[in-house]
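Chemist: Residue strings, one per chain:
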Amino acid sequence: MLSYLAKRLLLMIPLLVGITIITFGVIHLAPGEPVEMQVAMNPKVSAEARERLRKFYELDKPLHVQYGKWVSRLVRLDFGRSFAPDGRPVITKIRERLPVTISLNLIVLILEFALAIPIGVMAATHRDGPLDRWTTVFVFLGFATPLFWLSLILMYLFGVKLGWLPISGLHSLGYEVHGLWWQVGDLTKHLVIPISVATFGSLAGLSRYMRTGMIEVLGQDYIMTARAKGLPERVVIYRHALRNALLPAITILGLSVPGLIGGSVIFESIFAIPGMGKLFMDGVMARDYPLVMGVLVIGAVLTLLGNLLADLAYAVADPRIRHGRERAL
Amino acid sequence: MTRRDSYLQDVVWRRFRANRFAMAGGMVVVALFVLSILAPFITPYEPNSLDAYHVLLPPSFAHWFGTDEVGRDVFTRMLYGAQISLKVGFVAIGIATLIGTVVGLVAGYYGGWLDSLLMRFVDIMFCFPTFFLILAVIALLEPSIWYIMLIIGLTGWMGVARLVRAEVLSIRERDYVLAARVIGCSDLRIIFRHILPNAVGPVLVYATLGIAGAILTESSLSFLGIGVPPPTPSWGNILASGKEFLEFAWWLFLFPGLAIMVTVLSYYLVGEGIRDAIDPRFSSRR
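Residue numbers (the working numbering), protein chains in the order written: chain A, 1 to 329; chain B, 1001 to 1286.
A couple of the hints might just be wrong.
What the hints assert, rightly or not - Partial list, derived from the structure: chain A residues whose beta carbon lies under 7 Å from chain B: (1) Phe143; (2) Phe148; (3) Leu152; (4) Ile266; (5) Val284; (6) Val292; (7) Thr303.
Claimed, not checked - For lysine to aspartate or glutamate, the following DMTMM-like pairs were computed, each having C-alpha atoms within a straight-line distance of at most 20 Å: (8) A/Lys161 / B/Glu1244; (9) A/Lys161 / B/Glu1247; (10) B/Lys1243 / A/Asp282; (11) B/Lys1243 / B/Glu1069; (12) A/Lys7 / A/Asp318; (13) A/Lys7 / A/Asp311; (14) A/Lys7 / B/Asp1123.
It should be emphasised that the hints constitute simulated quantities derived from the structure, not laboratory data.
Fair warning: this is a prediction, and the values are worked out from it, not measured in the lab.
Think of the CB as a built atom: it goes at the ideal place given N, C-alpha and C, for glycine as much as any other residue.
With the hints as constraints, model all of the structure from the sequences given.
Modeler: Okay, structure coming up:
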């Protein structure tokens, strides 16, 4: 297991290098240099100040020198300072916002698995029945519905028409004066719509996957053996079949990380949730280069970590992977 | 085309036709094309003509889907918007499919270090949350519909590349490829005559589903205000103005959203239909 982990970690190094090269390349696609952009937005910047900025970003050096300096600062988690008027370090800004995005996505993931697994299993065991058909309809709707649109509709219904739920932010005005439980309730109310929509969107793929996996496993010989032994159907399905059907779901967990992070831009923008997605969107609108570069790198690294965790979980769950790879080393 | 090819196509087409859902999806897809092309003959209004006397009108006989904040007819804008949304979907996925197919063919056929290099590049591209990458690039460039198509294409080819590579790897070792090589066929001929035709089916399925995804991406970008630049109508930017008038004008966000949903759903049904028709083993209904 340890050698497997070591190998996986080593494989991450070229990927990390690739991520930095692409990010660097993307930023240099821009017509005009970052400094010019910053200057263009602020006519008060003198020629001297412009020169200072140019020096700081080393824009007078050749590309590979710029890249080298940028990466050496990256390694020390120094993403430079934001172009925004507050001029705070990018890493501080990201550090403030990241926990919000991660905890929201974790809640969505937990709900997704808690709902998709039973849905998929039921669809597989009641194959071609009305339940299966309805879940198929539901799954297709989940794929096809633009989530920002669903968010708007729910905002309109529950926020504007019925007035039951708040439609933006994480807290009500003046929430600090209330007790802990009031604050928790307040936060929950703010999160009901965004979390339900995000869960609905991700539910479709996973439940579909669970259904296919389950159908495949149920056709295997060892399931017939279990049934032939006279085990109750519940035991056959939940103890024997589900375990193996869950394996592919772990991979899906890893694969869904970039989608979740990318999707947070839309949710956080619509609902004004102060997370990393909103930070990124604001940075994009203001052409805040250091911020955009920083979030892009962090987003990709998070994806990499998500995949690593999924692979490790897979190795823990499936001894074939663990031992097969170890022997191959 | 040899006779065998057309026989296979007949079988696939017959299976596809027998699938009610796929046929319904296909009809919607065709109908949308026809409607969007015939837009000038269907609606008496211009997509961008302002009308200060008819601002934010609810749906009526004169304006089926109401009017927007500057008096433009929403139904008309949606018809013209369909042209844009479909164009973005097709061009973007065309680019993605082309790049992915070439990369997959080269990696799978030649193998070795070239394969490792290309596949590592695919891994790296997969690490980026696609939406982040698209946003970052678009933020840097001048807003234009061509950039949107290009960027969606450039960030969406990796799945096709993996798919084609896997197909090539399994076909490369077949006897008929060996036979072709023995009689002295060139690499290009082997790739295009003997290997690629076998990979067309899965790529077609992937591309159909991809068009649905690209339409969704375009509408999300336009909704966030960095997609198709106004006044060009697209379903996403009609929705964006719908957000501004959420409290007064439900028709501004209800209809474009439904249009996106129905379109995406239709493409999914067609894609799944093709998949089932090509290879009934993986059918969702058996």
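Chemist: Hint validation: A/Val284 versus chain B, beta carbon distance must be below 7 Å. Holds or violated?
Modeler: holds (4 Å)
Chemist: Sort out whether A/Asp282 lies within 20 Å of B/Lys1243, counting only the CA atoms.
Modeler: Answer holds: B/Lys1243 to A/Asp282 is near 18 Å, not above 20 Å.
Chemist: Was the hint right that A/Phe148 lines chain B, CB cutoff 7 Å?
Modeler: holds (5 Å)
Chemist: Decide if the proposed pair is consistent with the structure: A/Lys7 and B/Asp1123, CA atoms, cutoff 20 Å inclusive.
Modeler: Given that 20 Å is the threshold and the Cα spacing comes to 16 Å, the pair holds.
Chemist: Between A/Lys7 and A/Asp318, does the CA-CA distance stay at or below 20 Å?
Modeler: Roughly 17 Å between the alpha carbons, so the hint for A/Lys7 and A/Asp318 holds.
Chemist: Given the proposed pairing of A/Lys7 with A/Asp311, does the C-alpha separation stay at or below 20 Å?
Modeler: Holds: A/Lys7 and A/Asp311 sit about 12 Å apart, inside 20 Å.
Chemist: Can you verify the interface hint for A/Leu152: is its Cβ closer than 7 Å to any Cβ in chain B?
Modeler: With a closest approach of 5 Å, the A/Leu152 hint holds.
Chemist: Given the proposed pairing of B/Lys1243 with B/Glu1069, does the C-alpha separation stay at or below 20 Å?
Modeler: Since the Cα atoms of B/Lys1243 and B/Glu1069 sit roughly 12 Å apart, the hinted pair holds (cutoff 20 Å).
Chemist: Is A/Lys161 within 20 Å of B/Glu1244, Cα to Cα?
Modeler: Holds, at about 16 Å.
Chemist: May I ask you to test the interface hint for A/Phe143 with respect to chain B, counting a Cβ-Cβ separation under 7 Å as satisfied?
Modeler: holds (6 Å)
Chemist: Next item in the hint list is A/Ile266. Is there a CB on chain B closer than 7 Å to its CB?
Modeler: Given a least distance of 6 Å, the restraint on A/Ile266 holds.
Chemist: Would the hint on A/Val292 stand, with a C-beta cut-off of 7 Å toward chain B?
Modeler: holds (5 Å)
Hint compliance for this structure: no hint is broken.
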